[in-house]
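Visitor: Sequence:
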Amino acid sequence: MKCMRLRFSAHCYAAVPMPELAEVEYYRKIWDPGLGSKILRVHLHPRARVFRGEPAESLPAALTGATFQASHAHGKQMLFAFSRRIWLGCHLGMSGEMLCLPPDHAPGKHDHLVLYTRTAALTFRDPRMFGRLRIHEGKSPPAWWSEMPPAAGSQNFTPAQVRTALTRHPRLPLKTLLLDQRYFPGIGNWMADEILWQLRWAPATPAGSLPPSAHTHLHRTLQKISRHALATIGQTWADPPKSWLFLHRWRDGGHCPRCSNPLTRADLRGRTCCWCPDCQG
DNA sequence: CATCATGTTATAAT
DNA sequence: CATTATAACATGAT
1 MKCMRLRFSA
11 HCYAAVPMPE
21 LAEVEYYRKI
31 WDPGLGSKIL
41 RVHLHPRARV
51 FRGEPAESLP
61 AALTGATFQA
71 SHAHGKQMLF
81 AFSRRIWLGC
91 HLGMSGEMLC
101 LPPDHAPGKH
111 DHLVLYTRTA
121 ALTFRDPRMF
131 GRLRIHEGKS
141 PPAWWSEMPP
151 AAGSQNFTPA
161 QVRTALTRHP
171 RLPLKTLLLD
181 QRYFPGIGNW
191 MADEILWQLR
201 WAPATPAGSL
211 PPSAHTHLHR
221 TLQKISRHAL
231 ATIGQTWADP
241 PKSWLFLHRW
251 RDGGHCPRCS
261 NPLTRADLRG
271 RTCCWCPDCQ
281 G
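Quick note on this note's numbering: the first sequence kicks off at 1 and runs consecutively.
Honestly, I wouldn't trust all of these hints.
[Said to hold, decoys possible] Below 25 Å or equal to it, Euclidean Cα-Cα: the simulated SDA-like pairs (lysine to any residue) are:
#1 K38 - Q69
#2 K29 - Q181
#3 K224 - A204
#4 K139 - M129
#5 K29 - T236
#6 K38 - P142
#7 K109 - A61
#8 K38 - E20
[What the hints assert, rightly or not] Restraint-style ranges between C-beta atoms, simulated for each label pair:
#9 R41 - S260: 54 to 60 Å
#10 S154 - R128: 28 to 34 Å
#11 P33 - S146: 51 to 57 Å
#12 Q181 - A202: 20 to 26 Å
#13 D278 - K109: 43 to 49 Å
#14 A106 - R265: 21 to 27 Å
#15 Q181 - R85: 23 to 29 Å
These are computed hints drawn from the structure, not numbers from a lab.
Even for Gly, the Cβ is constructed at its ideal location relative to N, Cα and C.
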């Protein structure tokens, strides 16, 4: 449970996995102790649903004897590079987790992939199996990786990218659109709520109803929140400031850190949404 | 036992 | 065809 966020409630601590942009960046680094090491053995989970159509059976032969060379994160995607031009893509889904365990670790019920080095067991664990592992062989990274648009924290993230999303989907609620990884890679449920709360915009606002001047505001807020989250959660799992919605939105009964009025939590297009009906009326 | 979960995707509907 | 809406996926915590 070491890698899970601990969150205080009235009577207990609860473990919560939260695989959005900054959390993914944090998890990416968990395998770092294995960098430069040779993979001595590969364990595959017999069910391995997380491989979904990938030739998982080929992995042990491909990776045994290979060297773990580098890791990258982009939005909610991770990419691990090995020698022999082998690449391993990883998405944490809803409950995925990377672990670096002792080299004698016996694979658990939800450990879908374990790479054993001399000193560590690099593990991908995912109880709900909404996560995904992908295999690629080649000199360059796979297309699904290279073709992703810039993430919101990146220098290359442009107001034009925001404008395209808003104009192409004018009837979608802003909250729903912000979760679309084709335009905003890495933005997940808490980040989308945070962005709209900081902008004081109602989550259900149709994307097409914003004036052009608002596109700039949205672009700026996306960048600010992404960069701040990467600098805190992404580095040390530290919480963002208490003045953000972040710490107040996880359960019913929370209060707006700006106006102290009760927050609303409700379903919006199939996802939990939290907002301040006063600030974001 | 019932409800809910911070993600994605196939399919249906507009 | 482009966009939008919904259900399904699997498991664990409360």
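Visitor: If a hint holds in the structure, say so; if it doesn't, say that too.
Guide: Each hint tested on the structure:
1. For a cut-off of 25 Å, the pair hint linking K38 to Q69 stands: about 9 Å separates their Cα positions.
2. With a CA separation close to 22 Å, the supplied pair K29 and Q181 stays within the 25 Å bound.
3. For the proposed pair K224 and A204, the alpha carbon gap of about 22 Å is at most 25 Å, so the pair holds.
4. Restraint check for K139 and M129: not satisfied, since their Cα atoms lie roughly 29 Å apart, outside the 25 Å limit.
5. A distance of roughly 10 Å separates the Cα atoms of K29 and T236; the hinted pair therefore holds under the 25 Å criterion.
6. Pair hint K38 plus P142 holds up; C-alpha atoms about 23 Å apart against a cutoff of 25 Å.
7. Straight-line distance between C-alpha atoms of K109 and A61 comes to about 23 Å, which keeps the hinted pair within the 25 Å bound.
8. Distance check on the hinted pair: K38 and E20 sit about 30 Å apart at the alpha-carbon level, beyond 25 Å; violated.
9. With their beta carbons about 56 Å apart, R41 and S260 fall inside the hinted range of 54 to 60 Å.
10. Remark: the range hint 28 to 34 Å for S154 to R128 is upheld by a beta-carbon distance near 29 Å.
11. A hinted range of 51 to 57 Å for the beta carbons of P33 and S146 is inconsistent with their spacing of about 28 Å.
12. For the pair Q181 and A202, the supplied restraint of 20 to 26 Å holds, since their beta-carbon distance comes to about 23 Å.
13. Take D278 and K109: their Cβ atoms lie about 46 Å apart, and the range 43 to 49 Å holds.
14. Roughly 40 Å separates the CB atoms of A106 and R265, a value that falls outside the hinted 21 to 27 Å.
15. Distance hint check for Q181 and R85: the Cβ-Cβ separation is about 27 Å, which falls inside the suggested range of 23 to 29 Å.
The structure fails to meet hints 4, 8, 11 and 14 from the earlier list, while all remaining hints are met.
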